[in-house]
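Trainee: Each protein sequence line maps, in turn, to chains A and B.
Heads up: take any position in the first sequence, counting from 1, add 62, and you land on the working numbering.
Heads up: take any position in the second sequence, counting from 1, add 1342, and you land on the working numbering.
It is worth saying that the hints were derived from the structure and are not from the lab.
Hints may be right or wrong, so weigh each one.
Stated by the list, open to error - So the derived list for chain A, only partly shown, Cβ under 7 Å to chain B, looks like this:
#1 L70
#2 F71
#3 P108
#4 L224
Where a beta carbon is used, it is the ideal one built from N, C-alpha and C, also for glycine.
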Amino acid sequence: MSVDVPALFARHQAELFRYAARLLGDGDAAEDVVQETFVRLALKPPREETQVRAWLFRVATRLASDARRAGRRHLALLTPERAAGASGEPAPDPAAGAAAAELRGRVRAALEELSQKERAVLLMREEGFAHREIAAAVGTTTKSVGTMVARALEKLARRLDLDAEDVR
Amino acid sequence: MTAESLDALTLRRATRLSVLLAAADPPVRAIAYPSRRVARARHTRLKRRWSIAALLALAVGGAAAAPPVRAWVTARASDVWNALGGHRARVPDAPRALPPSSVSFVPAGGAFAIRIAAWQRGGRVTIRVVPGRAVTARAEGARPGEWVVAEGELTLRNSPDATGDVAVDVPAALSHVTLQIGAEPAQQVVAGLDRSLAPAARR
């Protein structure tokens, strides 16, 4: 199949960046994952054009997993300054920036408690994928995706007060 | 808890999580389409395919040829095999043409050393572990110095008067990366390493 890679990049890069940034907690690493995903699309696109979106997320999930493994290998000396700014640039308003950073940190810490697979399952569901597509991306059965989503949400519910009457 | 109430609970939690994730997302970025990386990857793949085709043609031709011709064919097949990376003592790919203060190449082997010849008057060195296979290095400022690529190492021949920052992206595929500045002992590189190049700021 011949694909118009720049057009697909324009259409999907924002949602792919959002997914990768949530998965990795690092905007720079997410940007690299997005670019590498599209390099691979240009080299070996999927057979069916209708499957491109799921294919992109599947490849991004694997690349993000590789990036996390590499990062963990060298995590011991990660500088606090760098870690604090890892999720994105600060907001212009200091108070709003502090609140956003606090929320980002809380969400990030909660997501870090999930396994890589649980995180990918939950975040792909968030992007609107069917259980069948999620299962193909993370290498599990369609049946177990629902269980993994419920289990992941159970863990996050405690950390993020998802069962409280008013969140935030 | 019934299956129905469990579904409702999951849905409620997922909805609330959506709100939190959206609020915690990093700002949207204008990511550039990686046209150079795509072109380079396509070129490499094409070259590899042609080389494999040539190797097969030589193998078939060599099997049917007389001894002197067979020896010539074997030598050419060996060249192609080495070009494909089949030889053990691989040398790094030729550095890609970039602005003088930048260099990008695919390193051979799993260990890699980054050397910065001299401490500078100012500036920082930042090393990131990134997906892909290429090492990309960039030196900024008025006198950025010169990058020298050798097998398993990259050296910046910089000036002690320089004040510009240095950034090096190393691929996650490498097993071991070290950084050495001036005469200090080499240290293990970590994800997101960010340190001063000025001796006054040394620990």
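Trainee: Please go over all the hints and tell whether each is borne out by the structure.
Mentor: Here is what the structure says about each hint:
1. Because the closest C-beta pair between L70/A and chain B is about 10 Å apart, greater than 7 Å, the hint is violated.
2. Taking 7 Å as the C-beta contact cut-off toward chain B, the hint placing F71/A at the interface holds, the least distance being around 5 Å.
3. Restraint check, P108/A versus chain B: the minimum CB separation of about 16 Å is more than 7 Å; hint violated.
4. At about 4 Å, the closest approach between the beta carbon of L224/A and any beta carbon in chain B falls short of 7 Å, and the interface hint on this residue holds.
Violated hints, in rising order: 1 and 3; the structure is consistent with all others.
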